[in-house]
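Protein chains in written order, with the working numbering: chain A, 7 to 317; chain C, 3 to 455.
No lab work stands behind these hints: they were computed from the structure. Computed from a predicted structure; not experimentally measured. It is possible that part of the hints are untrue.
Computed cross-link-like contacts, DSSO-like style, restricted to lysine-lysine with a CA-CA straight-line distance of at most 27 Å [to be verified]: (1) K311/A with K259/C; (2) K311/A with K361/C; (3) K360/C with K309/A; (4) K311/A with K437/C; (5) K361/C with K75/A.
A partial selection of chain C residues facing chain A, derived with a Cβ cut-off under 8 Å [to be verified]: (6) Q244; (7) S324; (8) P326; (9) G337; (10) A369; (11) I371; (12) Q412; (13) Y421; (14) P424.
Stretches of chain A that chain C covers, calculated by requiring three or more beta carbons in the stretch to come under 8 Å of a beta carbon on chain C [what the hints assert, rightly or not]: (15) 22-28; (16) 120-133.
Each residue gets a CB set at the ideal place from its N, CA and C atoms; glycine is no exception.
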Amino acid sequence: MKNLHVSAAPHINSGVSTHNIMLDVVIAMVPAAIAAVVLFGLQALLIILTCIASAVLAEAIFNLCVHKKQTVFDFSAVVTGLLLALNLSTNVPLWQCALGSVFAIVVVKGLFGGLGKNIVNPAIAARVFMLLTFGAVGGGAAPIVVELASSATPLEFLNKGVEGLESAPSMLDLFLGVHGGAIGETCAAALLVGFLYLVVRRVIKWYVPVSFVATVFLCYLVFTGDATYALAQVLAGGLILGAVFMATDYVTTPATGLGRVIFCVGCGLLTFAIRQFGSYPEGVSISILAMNLLTPFIETWTKKKTLGGIK
Amino acid sequence: MLKRKNISSLHVPHNKHTAGFVPVRIPTPPEVLLPMNMHSGHDAEPVVKVGDHVYVGQLVAREEGRFSSPVHATISGTVAEISTMETAEGKETLAIRIESDGKMEPDPNLKAPEIHNCEEFLQALRESGLVGLGGAAFPTWAKFNEMCSGQYTVDTVLVNAAECEPYITSDHRMMLDHPDLIVKGVEYLRTYMHEYLKDACFKICIEKNKPDAIAKMREAFAGMDYVDIHELDTIYPQGAKQVTLYNATGRVAIAGKRFPAFHAVIINVSSFAKMAEYISTGMPLVERIVTVDGPAVRAPKNLIAPIGTRIRYLLEQTGLTSEPGKIVIGGPMNGTAVCSVDDPIVKVANAVLVFDEKKSVLPTPSACIHCGRCIEKCPININVVAVDDAMKQKNEDKRAKALIDTGVRQCVDCGCCSYVCPAHRPLLANNQEAKWWLKQYAAAQKEKEGGNT
Numbered sequence: 007m008k009n010l011h012v013s014a015a016p017h018i019n020s021g022v023s024t025h026n027i028m029l030d031v032v033i034a035m036v037p038a039a040i041a042a043v044v045l046f047g048l049q050a051l052l053i054i055l056t057c058i059a060s061a062v063l064a065e066a067i068f069n070l071c072v073h074k075k076q077t078v079f080d081f082s083a084v085v086t087g088l089l090l091a092l093n094l095s096t097n098v099p100l101w102q103c104a105l106g107s108v109f110a111i112v113v114v115k116g117l118f119g120g121l122g123k124n125i126v127n128p129a130i131a132a133r134v135f136m137l138l139t140f141g142a143v144g145g146g147a148a149p150i151v152v153e154l155a156s157s158a159t160p161l162e163f164l165n166k167g168v169e170g171l172e173s174a175p176s177m178l179d180l181f182l183g184v185h186g187g188a189i190g191e192t193c194a195a196a197l198l199v200g201f202l203y204l205v206v207r208r209v210i211k212w213y214v215p216v217s218f219v220a221t222v223f224l225c226y227l228v229f230t231g232d233a234t235y236a237l238a239q240v241l242a243g244g245l246i247l248g249a250v251f252m253a254t255d256y257v258t259t260p261a262t263g264l265g266r267v268i269f270c271v272g273c274g275l276l277t278f279a280i281r282q283f284g285s286y287p288e289g290v291s292i293s294i295l296a297m298n299l300l301t302p303f304i305e306t307w308t309k310k311k312t313l314g315g316i317k
Numbered sequence: 003m004l005k006r007k008n009i010s011s012l013h014v015p016h017n018k019h020t021a022g023f024v025p026v027r028i029p030t031p032p033e034v035l036l037p038m039n040m041h042s043g044h045d046a047e048p049v050v051k052v053g054d055h056v057y058v059g060q061l062v063a064r065e066e067g068r069f070s071s072p073v074h075a076t077i078s079g080t081v082a083e084i085s086t087m088e089t090a091e092g093k094e095t096l097a098i099r100i101e102s103d104g105k106m107e108p109d110p111n112l113k114a115p116e117i118h119n120c121e122e123f124l125q126a127l128r129e130s131g132l133v134g135l136g137g138a139a140f141p142t143w144a145k146f147n148e149m150c151s152g153q154y155t156v157d158t159v160l161v162n163a164a165e166c167e168p169y170i171t172s173d174h175r176m177m178l179d180h181p182d183l184i185v186k187g188v189e190y191l192r193t194y195m196h197e198y199l200k201d202a203c204f205k206i207c208i209e210k211n212k213p214d215a216i217a218k219m220r221e222a223f224a225g226m227d228y229v230d231i232h233e234l235d236t237i238y239p240q241g242a243k244q245v246t247l248y249n250a251t252g253r254v255a256i257a258g259k260r261f262p263a264f265h266a267v268i269i270n271v272s273s274f275a276k277m278a279e280y281i282s283t284g285m286p287l288v289e290r291i292v293t294v295d296g297p298a299v300r301a302p303k304n305l306i307a308p309i310g311t312r313i314r315y316l317l318e319q320t321g322l323t324s325e326p327g328k329i330v331i332g333g334p335m336n337g338t339a340v341c342s343v344d345d346p347i348v349k350v351a352n353a354v355l356v357f358d359e360k361k362s363v364l365p366t367p368s369a370c371i372h373c374g375r376c377i378e379k380c381p382i383n384i385n386v387v388a389v390d391d392a393m394k395q396k397n398e399d400k401r402a403k404a405l406i407d408t409g410v411r412q413c414v415d416c417g418c419c420s421y422v423c424p425a426h427r428p429l430l431a432n433n434q435e436a437k438w439w440l441k442q443y444a445a446a447q448k449e450k451e452g453g454n455t
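All chains should be built: construct the whole structure from the sequences, respecting the hints.
The structure is reproduced here in structure tokens:
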């Protein structure tokens with residue numbers, strides 16, 4: 007009889023793996039990607055394919071160069087590429103999309119030690135990098151499904167104040183995504199489907215994105231006293247995309263439930279502050295980026311008390 | 003009573019296929035191998051020589067020091083060999099091999115011990131070779147002896163019948179088939195240790211997935227107002243002693259303190275039955291119920307086998323569907339993988355699980371993605387993620403401080419963290435290593451302080 011396997015307990019596992027989780031995130035983004043192609047046409051599809059392909063290639067080549075174990079099959083590069091694509095508008099040339107993906111994978115993730123070691127979300131860091139290098143990445147492109155008078159993003163109207171609500175798209179258009187913006191951020195309906203999928207698959211906790219969105223909503227409600235305006239602020243821009251897919255990234259957010267809620271409330275407050283008082287119309291990605299950097303501190307504050315621990 | 007916060011826990015598949023199988027006694031095995039370290043303290047010392055004839059229940063090794071326990075022959079026959087063997091944990095120990103004469107003659111000198119007081123009761127338990135049969139293998143007499151120091155008053159005796167691990171049904175069967183023995187054991191303990199257990203409440207802690215056992219116990223203990231049948235939720239690790247204590251009494255086990263400090267003592271339900279058996283017949287711990295199950299077992303069964311029976315012989319009774327890839331003594335969450343199919347079953351072996359080749363190979367660990375599942379599922383709220391980083395600290399004082407900060411000392415070894423980890427990291431093994439290192443460190447510190455003064 008041949009030798010037996012010997013290993014430390016436990017000898018069974020839950021069957022959940024990094025690969026499965028990443029695949030679930032990709033599946034959750036599919037409705038948003040489909041909505042992007044429907045709303046923005048072939049160019050959106052090209053952006054998505056370019057970002058994913060360059061992210062996966064960058065990861066494979068980087069691993070080869072630094073002689074690390076090949077990790078492309080864990081799907082995390084696909085997640086990063088797709089997420090970045092959903093954050094870009096059809097105005098962005100494809101070579102810039104590819105460059106952004108490579109930046110996300112190599113500079114933000116790879117150089118920090120690969121999956122699990124990066125301190126900021128690669129897709130967001132790449133988006134902000136592109137924002138600073140090439141100018142506007144999220145706005146300026148109108149959907150192809152309808153004739154729109156203006157290709158400006160609704161936030162450009164809304165940030166003028168409550169009066170801007172009149173010139174902004176209707177609430178239904180905001181919900182279905184028939185307005186200008188990044189390809190994946192406009193269709194709130196598709197993003198909500200993805201959110202439900204992630205919650206049902208127990209990849210994320212429902213209260214994490216909700217606390218982000220609720221904070222922004224409440225801030226506007228208190229600040230302006232207008233619920234419709236506050237709701238328009240939630241539906242316009244990249245808030246839902248950021249709350250569901252970026253503020254829930256495991257690696258760059260705190261590990262405990264309480265920590266994640268603190269993280270998201272902080273994101274919400276910063277988003278409100280940047281949109282309301284800052285010079286950028288959109289603040290979701292910058293606020294998540296800033297809170298990513300605070301993650302280690304939030305973790306220290308929210309350490310759980312152990313059962314039977316002695317000080 | 004205040005509503006307590008629930009302890010985090012897991013739902014693992016039960017796989018209790020053998021719950022309906024009345025244990026069958028196996029035919030006498032041709033030989034048994036008795037390791038000297040089947041308990042948690044020092045190894046026992048052999049008192050027989052090669053060539054000696056032994057009877058069932060005859061002492062073959064006496065205990066050495068505190069927390070040790072004697073070993074008895076489990077079949078009648080001839081001592082064939084006394085040599086070192088490597089145990090599943092990688093330690094070396096002496097083992098006595100006895101070849102059967104096929105007669106299973108009990109030792110004619112065995113008689114029920116005469117017990118009049120607490121000392122005699124403890125002495126009897128000590129001679130019975132009884133250890134905690136749930137998995138910790140802590141000698142039962144030593145556990146009760148701790149209560150006698152006068153330092154603590156014990157008001158709760160927890161009878162651990164949770165059996166939260168998948169597959170295992172040996173305690174379950176003991177409750178269904180021998181409730182009389184369990185009742186007797188409880189009565190013996192209450193009678194002989196009366197002065198230390200004045201008004202103690204006996205809580206029989208059973209998970210709700212065993213309604214037949216709960217009914218049986220209620221029936222058996224009917225009319226005894228000091229016994230409380232406590233139903234526990236079916237969650238893993240309900241049977242870990244710190245978790246049972248918290249869920250049954252609301253008390254929190256503080257790290258580094260012995261159990262009586264919380265006015266409670268916890269004993270496995272089968273240990274009670276074996277205790278009653280010894281006190282009424284004088285037959286020490288020589289056989290036990292073993293659940294033989296697992297994906298590669300053809301006909302899962304509960305078997306009554308002499309301790310020291312080789313696993314190969316047990317598997318001949320159940321048959322296999324495929325070549326075994328891994329064999330585990332104990333449950334799949336907490337059990338120990340053995341190196342060879344010729345290893346013997348030990349006193350605490352409540353189950354032998356056989357996995358086929360496919361289920362034996364664990365997935366390769368990958369990088370931590372910081373998902374927080376391990377922290378969420380830890381019943382003790384240990385900051386499992388931080389243990390790895392803390393162990394990397396070069397400075398020993400800083401490392402110790404960081405490790406204590408994670409709470410890893412309170413780890414109950416349940417394995418929930420490793421079970422849920424999507425990166426398949428060996429988190430439990432890391433925790434155990436960290437705990438072991440902290441113990442070494444504390445001992446070294448103590449020595450240093452002793453040298454200075």
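Here is how each hint holds up against the structure:
For the given pair, K311/A sits about 18 Å from K259/C by alpha-carbon distance, which is consistent with the 27 Å threshold. Restraint check for K311/A and K361/C: not satisfied, since their Cα atoms lie roughly 36 Å apart, outside the 27 Å limit. Of the supplied pair hints, the one linking K360/C and K309/A is violated, its CA atoms being roughly 39 Å apart against a limit of 27 Å. Straight-line distance between C-alpha atoms of K311/A and K437/C comes to about 18 Å, which keeps the hinted pair within the 27 Å bound.
Using a Cα cut-off of 27 Å, the hinted pair K361/C and K75/A holds, with the two alpha carbons roughly 24 Å apart. At a threshold of 8 Å, the smallest CB-CB gap from Q244/C to chain A is about 7 Å, leaving the interface hint in force. Residue-level restraint check for S324/C is violated (minimum Cβ-Cβ distance to chain A is 12 Å; threshold 8 Å). Hint status for P326/C: holds, given a least beta-carbon distance of 6 Å to chain A, under 8 Å.
The interface hint given for G337/C holds, since its Cβ lies 6 Å from the closest Cβ of chain A, which is under the 8 Å cut-off. Restraint check, A369/C versus chain A: the minimum CB separation of about 4 Å is within 8 Å; hint holds. For the restraint placing I371/C at the interface with chain A, the shortest Cβ-Cβ distance is roughly 5 Å, inside the 8 Å limit, so the hint holds. Taken as an interface hint, Q412/C checks out: its beta carbon lies about 5 Å from the nearest beta carbon of chain A, inside 8 Å.
At a threshold of 8 Å, the smallest CB-CB gap from Y421/C to chain A is about 5 Å, leaving the interface hint in force. Hint status for P424/C relative to chain A: holds, with the closest Cβ pair at about 5 Å, below 8 Å. With 5 residues carrying a beta carbon less than 8 Å from a beta carbon of chain C, the stretch 22-28 of chain A meets the three-residue requirement, and the given coverage holds. With 4 residues having a Cβ less than 8 Å from any Cβ of chain C, the stretch 120-133 of chain A passes the three-residue criterion, so the hint holds.
Checked against the numbered hints given earlier, this structure breaks hints 2, 3 and 7; the rest are met.
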